[in-house]
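Taken in sequence, the protein lines are chains G and C. This note's numbering puts the first sequence at residues 1491 to 1883. This note's numbering puts the second sequence at residues 55 to 278.
Worth flagging that the hints you see were computed from the coordinates, not collected in a lab.
Cut-off 25 angstroms, straight-line C-alpha distance, at most; resulting in silico cross-link-like pairs (SDA-like, lysine to any residue):
hint, chain 1, residue 1, chain 2, residue 2
1, G, 1835, C, 253
2, G, 1835, C, 134
3, G, 1835, C, 90
4, G, 1835, C, 214
5, C, 170, G, 1496
6, G, 1835, C, 84
7, G, 1835, C, 127
8, G, 1508, G, 1849
9, G, 1535, G, 1789
10, G, 1835, C, 112
11, G, 1492, C, 146
12, G, 1835, C, 197
13, G, 1664, G, 1638
14, G, 1835, C, 82
15, C, 187, C, 174
16, G, 1687, G, 1652
17, C, 169, G, 1493
18, G, 1492, C, 153
19, G, 1835, C, 150
Simulated coverage check for chain C against chain G, where a stretch passes if three residues somewhere in it have a Cβ under 8 angstroms from a Cβ of chain G:
hint, region
20, 127-133
21, 141-148
22, 153-160
The C-beta atom is built at its ideal place from N, Cα and C for all residues, glycine as well.
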Amino acid sequence: MKDTLYLAWRYLAYNRIKTAILVGSLTLITFLPVGLNVIVGQSAKELTARSEATPLLVGAKGSPLELALNSLYFESETPALTTYSEAVRIEEAGLAQPIPLYVRFRSRQHPIVGTTLEYLDFRGLEIASGRRMAVLGECVLGSRVAASMGVGAGDTVVSSPESVFDLAGVYPLKMHVVGVLKPSYTADDGAIFVGLKTAWVIQGLVHGHQDMAAPEAASGVLKREGDTITANASVVQYNEITPDNIDSFHFHGGMSGYPISAIIAVPRDQKSGTILMGRYEADDEISQIVQPATVMNELLGTILTIREFVVAALLLVAIATLSTAALVFLLSLRLRRREIDTMSKIGGSRLSIGALLVSEIVAVLLAGVLLAGLLTVLTAQFGEGLIRALLLG
Amino acid sequence: MISISDLRFRYSEGGFALHVPELAVESGERVAIIGPSGSGKTTLLNLIAGICSPQSGRVVTNQVNLSGLADGARRDFRIRNIGLVFQEFELLEYLNVLDNILLPYRINASLDLTKKVRQRAVELAGMMGIGDKVSRNVRQLSQGEKQRVAVCRALLAEPPLLLADEPTGNLDPTNKDRVLDILVEYAESKGSTLVTVTHDHDLLSRFQRVIDFKQFYDLSSQVP
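For reference, chain G alone in the conformation it holds in the complex (with noise of 0.2 angstroms):
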């Protein structure tokens, strides 16, 4: 048996491109069910890790699905917008916490969040460095985004306009970095957190200009009628929110009318969150409260069915490689006619013969599921952090 395999061996060594061709074939049709299963399996676990450690969602009517993946991935478009009110109204019914967030502005790609210290107790998000954010104006980065624009406390970062050609739009705010979180490993660590009230100022909502009751703002003064002044476009707004003008920063109307995205509720208990969730039951109302874990279970629901179709895909896939794979080793044996003949007329065995065809083919066929299984095996060990790098950016 010894010589049958070193003969075996010496010839897929020397048809090295041939046997390498099938084995990469093989390993690829074998690896891709599989991997694809693994993959899936860990993208479930991701997804529903998250979902399932966030209780409710409460946000205006609209795609629950777009609500949950704004909310817990801060990806996706930003949903119908709620305001304020809706989070005092929860605190008030005194069923849940409620944790707002404002998940709309970006700086570059990476999302910012406008929530409250509540939220990043409710994630157990800890400071790496710095502290959390605690003036108008000063943010906390996730450990990607302080990795990947190279900045730590002390620096800035600005928010992206939401539009380059919307000039009476959303001017850029330069945000001071006060805190660096330690990596969660989650959506968290790709996001920049900022307190609400600063996520309303990147909007224009609350703003602040130079004071029109001094002299040297007379130029930009339209009208004065009692404590109501008029002014014209040349008055300055501050782009960046310093101890010296932090005083300007006004709102304009009540705060309970402010937009935000969502609201996460963290029911006191069971019955509680049983009890929030009839209050939202009725037909005129305008927000809607969902579970997170059920939206992302009926999300994982559509890419199982789907990979059912792409595994069943790749079996059709699998067929054809290794009809291939066999007429390759046919038409093999057809060219190594002359050699089987010689081995023959020499006295070789019809069983050394034989088995020294049957082993070339095992030996590829067993180093394809090899490679296939240890392509499986750094899935499994190194897929959780691809699907992160890919799914959460």
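Following the hints, complete the assembly by docking chain C onto the known chain G.
Just chain C now, kept in the frame of chain G:
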């Protein structure tokens, strides 16, 4: 060494038929077989080696009636008792020189590949003038060198019978003489029988007997 009586053979496809009423080759004899192409010289070697089986008649090689043996037993007999040399060398291109020489020991369990056999293979290669090329792939060898590798392969099991089918047919005059010298010297030194099919009449003086296959060809054409 070889005794043939009333041998009749016909391929299942094609009209070729062979009839050899009597043929005997003594042990240690060097015999050349000549004759026109297609007259059945190679077929006769195949029958003597037990590669083909006759429809009737007897072929006794080294005192064994091959016609009475099963295929597996004939292969075992062949690999231990007969060294075959072919015109086209029939080397395995994916093996190096040494592995080609050792091939018979790797494809039949009745031969045991020992350290001694490996040593003999290296010595044989040295005697053939290819001792410095044992680790080379056979594709890197000249025609003459390839045939010497094929001869080494045939001689390694020290067979009592050598069957060579136009062993010099593809060689230049220098290599032709060299290869034939090797075969003759081996046969003389070991007392082996050498049966060679050849078209080259210049080589006939090296043999003790020449069998003109024309006589069998004429008989063959009369086979119904």
